[in-house]
Structures are given as C-alpha cells and as structure tokens.
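J.: With the hints as extra help, turn the sequences into a complete structure.
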Amino acid sequence: MRLSALAKKRIIWSLAGLLALLLLVLGVFLLQRQRLLNYALEQIKTRVEHKYPVTLTLGPAHFMGLSTVEINGMSLVPTAAAGPAAAGDTLLTARRLQASLSIRSLFAGRPVFSEVQIDRAHLTAHKAIDGTNNYAFLLKKKGPTPVPRDTLRGTNYGLLLNQVLDAGFGNVPGEADFRQFVVSYDSPHHLVQLVMPRLSIQDEQVQGRLTATVDAVTNELGVQGTIVPSDYALNLKLYGVGSSVQLPYVPQRFGALVSFDTVRVQLTDKDFTSDDRTGGQLTVRGSLEASNFSFFHKRLASEDIVVHKGQLDFVATLGRGTVSLDKGTRAVLNQLIFHPEISVRLKPKLAVALQVDSDPTPTNAFFNSLPEGMFDVVAGTQGTGTLAYHMRANVDLSRVDSLKLESSMLPSKDFSISHFGGEDLGMLAGEFPYTAYNDKGDSLRTFLVGASNPDFTPFADVSHYLPSVIQTTEDPQFFRHHGFMEKAFVNAAIEDIKEKRFARGGSTLSMQLVKNVFLNRQKTIGRKAEEMLIVWLIENWLVQKAHTLTKQRMFEIYLNIVEWGPTKYKWPSGKRGVYGIKEAALFYYGKRPSELNLDECLYLASIIPKPKYYRQSFNSYGGLRGPTRWFFKLIADIMEDKGLISSNERNSVNYSVNLNGPARTYIVTARDTTRTVQPGDTAQFEPLNLIDLLNTGAKPAEAAPAAGAASPTPPDATAPGTRP
480 MRLSALAKKR
490 IIWSLAGLLA
500 LLLLVLGVFL
510 LQRQRLLNYA
520 LEQIKTRVEH
530 KYPVTLTLGP
540 AHFMGLSTVE
550 INGMSLVPTA
560 AAGPAAAGDT
570 LLTARRLQAS
580 LSIRSLFAGR
590 PVFSEVQIDR
600 AHLTAHKAID
610 GTNNYAFLLK
620 KKGPTPVPRD
630 TLRGTNYGLL
640 LNQVLDAGFG
650 NVPGEADFRQ
660 FVVSYDSPHH
670 LVQLVMPRLS
680 IQDEQVQGRL
690 TATVDAVTNE
700 LGVQGTIVPS
710 DYALNLKLYG
720 VGSSVQLPYV
730 PQRFGALVSF
740 DTVRVQLTDK
750 DFTSDDRTGG
760 QLTVRGSLEA
770 SNFSFFHKRL
780 ASEDIVVHKG
790 QLDFVATLGR
800 GTVSLDKGTR
810 AVLNQLIFHP
820 EISVRLKPKL
830 AVALQVDSDP
840 TPTNAFFNSL
850 PEGMFDVVAG
860 TQGTGTLAYH
870 MRANVDLSRV
880 DSLKLESSML
890 PSKDFSISHF
900 GGEDLGMLAG
910 EFPYTAYNDK
920 GDSLRTFLVG
930 ASNPDFTPFA
940 DVSHYLPSVI
950 QTTEDPQFFR
960 HHGFMEKAFV
970 NAAIEDIKEK
980 RFARGGSTLS
990 MQLVKNVFLN
1000 RQKTIGRKAE
1010 EMLIVWLIEN
1020 WLVQKAHTLT
1030 KQRMFEIYLN
1040 IVEWGPTKYK
1050 WPSGKRGVYG
1060 IKEAALFYYG
1070 KRPSELNLDE
1080 CLYLASIIPK
1090 PKYYRQSFNS
1100 YGGLRGPTRW
1110 FFKLIADIME
1120 DKGLISSNER
1130 NSVNYSVNLN
1140 GPARTYIVTA
1150 RDTTRTVQPG
1160 DTAQFEPLNL
1170 IDLLNTGAKP
1180 AEAAPAAGAA
1190 SPTPPDATAP
1200 GTRP
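The sequence shown runs 480 to 1203 under the numbering used here.
Hints are computed from structural coordinates only; laboratory data are not their basis. Here the structure is a predicted model, which is why all the values come from computation and not from measurement. Where is the CB? At the ideal position from N, CA and C, for every residue including glycine. Treat the hints with care, as some may be off.
[To be verified] Quick list of the computed label-pair ranges, beta carbon to beta carbon:
no., residue 1, residue 2, range
1, Lys826, Thr525, 40 to 48 Å
2, Asn843, Thr705, 36 to 44 Å
3, Asn843, Val879, 48 to 56 Å
4, Thr925, Leu825, 17 to 25 Å
T.: What follows is the structure, encoded as structure tokens:
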C-alpha cells in the first residue's frame, strides 16, 4: 500500500515536531543540569566550610560528555577560626579536578561523585618554631571539651593516635586518581616533599609511585594494597624502586641507620574507649612485616644488623603516658617465633615490664635465624634437638634498685651440637692461637695457649694464692655456676642505668674469657648478647654435656691470656705488652708464677680491670695509694672470713709490693721520710666502690685437681703459706 503525499507530509511534520520537542527537552535538561551542578558544588562548599574552618574556592565547572564533570582549579585556605598562624595560609590547591557524576543523584539533590581525578595538586603544610601550624585544625573533632594536659602522667597517645586515624581514614576518597600530586612540609627542623606522579584509589585498591625527600634523604617508592575507610582497615605494601629504602629522620633523632626492601603495614581493627578523666584508651590490631631489614646503631653493634624476614602481629594499647604490646602479640625473626608482652609507662619516670617467650625451634633453624651482624661467631652452628628462650624483666627508673631480670635458654633433652659456626668453640680444650688486640681493635701479637709456648703456665704451676684471690675479686662461684651470676649482672645493670653508660660489666670469668678469645672489646648490646650465647654453649654443652672442656682448663686459659700491663712495653725479644701470668710475674716481680706471695697476688688482681694504668696504684714515693690498700684489706678480710687464708696469713698482709721487675723503672720512688706505714695501718685507706667486685659473699669454689696432679694441701689455720 502506498502512502499518499499528505500522509507523508504528516509523518515528516510529526517527526520534526518530536525532534524539536526532544531538542527542547535536551536544552532544558542541559541548562538545568548545569544549574544543578553549580548548586551541588555550592552545597559541597557549604558542607566543607561548616565542617572545617576553611574557605573552599572552586573554579568554573562544566560537563564533559553526559556525566563527566571538570572543575578548573580549586583551593583550600584556613580562616581566622583555624588560628592566627593558619589563617590565610593556603593548605591545598589543584589545577584541575575531573569526576563522574550520577545524573540521578544530581536531580535528587544528593550529588554523588566517583572516579575523581586530580591533576597537579599541591598540599603545603607549615610549622613555626613556636609550634603553631596550618593543619592542626584537621585533627580536631567537635564534641566534649578536650581533656586538660596532664603534666604528671604525660601525653595521651591513645587519644592522639585515634584522632590521626579518624582524620586520615575520614579524608580518604572512595575513588580517586591523583596525578602529579605534591605534598610539602616544612618546620624549623625538617623539610619533607612527596612527589606522586600517579596514585590511584579504585574499588578499595591503592596503587602508585612516589619520590620522597625527607631532610635530604631521597627514596623512590612504590605503594600498593587495599584501604577500607569505613572499617578503619588497610593493608599497604611499601617497597623501594631500584634500591632499598633508607629511613629518614632516624639518623638525626637517634643516631641510627635503618633501611629495608619492603614493608607491609596492616591495620585490622581499632577500638577507642572514651574516658572523661584520662581522655580515653586506644587498642589497635594489625601487623608489620619487613624484608631485608637493616639497622645500625653504634651502641647496638659495630656492624649493620640484618634481618631477612621480620614480622610483628600486634595487639597494642595506648593511653595516658602508657604504651603496651599485649597478649596475642607475635613476632617472627626469620624462623624464630616469639611472643612478647611489653608494658611501658613514661611518666613520672620511665617504667618497663617485659616478658618474651619463644617457640621451641630446631637447633639448625635457631642458629640460622640469628640476625646477621650480631652473632657472627655462632652463626651456622649445627646440631639436633630444639632450643627455646625465656626472658622476664622489669625496671622502674624511680626505683632503679628494684630491677628484676630472668633470662634462660631452654634446650630439649636431645639437644646437641655437631658443628660450630664461624668459630670453633671447642678449640678451648686444646692448644690454640690467641691474638691480643688494643682498645682500637688493632692486633698486637699472636701466641699459642698451650704447652708448646714456653711462656705458657699450667694451672698447677701458679701460686695457690692467685686463683683464690682472682675468684674472690672477680667470680667467687666460678667452679659452681654455669657461666652466669644473675645477681652480679643485675647489680651491674643497675649501675649502668644510674650512670647512663656501660659503667659495669657484671662479667663472670667465663664471660671475660669469651670476650677476650672470641669477641672484640666494643661495649655494645649486640656483643653482650653474643657473649652470653657463647658462654651458654661453652658451659652447658662443652663442659656439662659433652665433657670436652673443664672449668680448670678455662681458668688456666684466663690466667695465660689476661692483659696485665702496658701494651707499649717491649720485651728484649721484641714482643709487646704483658699477657698472661708468666709475663706478669716477671714484669712486676722478676719471679716465676709459682713464687708469688699473697701481697703480690692481691696487687695483680687489683689491676685486672685497668692494667694499662697500673702506675696510678702508686704515689710519688713508690708506695701504694689509699684505694689499693683498701682493696688489699677488703679482699684479705673476705678471704679470711671464708677460710681461704689463715688469720696469720691475713695479719701478714703488708699493703705494699716490691717491684723488682721491669715495672719498677716506670715508678717514681722518692723516699717518704715523714712516716712509715705499718701492717694493719688503716689511716690512709680510702673506700672502694663494692660494685666493682662480683663477690656474693660465698666461698670461692675449689677447682678439681688436674689429671695426675696432687690433691690440694688441707687447710691449716696456723701455718702461713699453706693452701686452705
């Protein structure tokens, strides 16, 4: 059927009318859409300015396509209500913003933006020398009056962190794409700039790259992970691009160097309990994980400490002047698994309570997991069975003397050592070369500790006074303990804390032996930790279980390597220094070690802590100074009380020594004609700090007779010179 010309005309006119109507509707829609957009932006401006003391300025906005909106320029400037330091100091600018806008939400009066893209944004934060800044208002929340500052109990770290988390998660956009985003921060002490060529947040996924410059330290970083603002949850990985990440600020603040390849930060939950009196308490749960973590501090170790894999799954509580790691916290150090519980109170004085327990770990895995740079001597040690560790400690700096410490290795019944690592600890049982070093770490000489060395003195050939004197002054329980004297170590730690330095060592003879033979002289926490582990292996494996080493042999080594005089002294043979009892007896007295009397042994024991300064023991007339005479009296009294010397021997102490060896040439010996010091004269005695002695009040334990040696002479209280 054919349409008539009239019908065709009617159809054409109908279509034209419909098209015109559509064009009219579209025009009205476009005009209305732009008007609604402008209205929506005004509403956003009003909400932002109502929430924060700022002026939000938005540039011209228009649609690009059906639902994409572009805003040409934006700025955020604090007002006077933000504080005089912040007022007028522009905080944020952006050249262009682009976003998708739901048309339906626009017409409903509740505009919803998504897929936000921000180009060339710059966030600039400032802090003045008086502490004022242009960003603190972002951390303030409307609500109850803030809790007044408590100078007695300190900052409420829980409240502070909770405010930071609320502000941080509260300002994370649902979806965003930052391009050429720059964050700058400057203060009198720090300058920070973060340049992000691209950082995107989409479907709770975060990905980007950035260049971070902090106080002249620059890192190229990558970041990826997830963030869910509504749940206060995040899981972000930060990694170095092309090289490891060097942690800034730490060198200036703590004198340490920290780096890592990758760090993962996970926050799974936070719970803030409000309290009008204290300001509240915050509990956070999450984890920190690092790969190839490197740390250096001169007080910790002489080399970089490296942990290839470390992880901390934490339950942390923060409050008014308190921070704690609670039960449920788990730490992983390579293959070692620990369960630490730590409580720290910062005010009015620092107080720390610590408990650490490790899971039983196979012996090989245990030694392979020790941090590099701290345990080089024992690294690679192999064996069977398992090892675990337990430590409990607490100290309150307002009552330092209350310090408590428990530390113990817990081997399984089948624990054994089949091979030592960097150094063969078993060499102590036989002849071995010993190298003496000065305080700078320079090697001075190397000599054999054994019978093939003509200067070597067997234990049985030493004056019977010397072991008793040295035990009384250094380690009374040497032949009974297993390497440690916990009471002496705690007392030394108390003194270190009081003097704020490594003033006392609290070392047993076993620890001194290990330090001299296997370790350097640097006073670091790492060296002390390795020293204690080596001592435990020697005492509990070689001596107690394998029976390949005896305590008498250990004492014998000590007597033959201990430094006993100035390292600059040169013997006719060309060797330098005074090492071992044979050289000491010859240097000071021109005698053999077996010929030393009680006074001479007392003097040698008195200078063990500082042998280079032996001349300071003498006055200008060549007589012993008051502190040294006091030392003689104190040690002689203790030895008499414990039955180590007779009363006649005690009364024969002269508080003087005759230097008949090369040492005499170093002493000024002008005659004192004013008075003569008689035996028992205490007029010139000066007190001695008793913490310098490790004496616990117990009688020194006897050494077992060497194979083939005669038994010690029975005590005879009436016969001077006999061995008790």
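J.: Each hint should be assessed against the structure and marked as holding or not.
T.: Each hint, compared with the structure:
| no. | hint | result |
| --- | --- | --- |
| 1 | Lys826 <-> Thr525: 40 to 48 Å | 44 Å, holds |
| 2 | Asn843 <-> Thr705: 36 to 44 Å | 37 Å, holds |
| 3 | Asn843 <-> Val879: 48 to 56 Å | 40 Å, violated |
| 4 | Thr925 <-> Leu825: 17 to 25 Å | 50 Å, violated |
Hint compliance for this structure: hints 3 and 4 are not met, and every other hint is.
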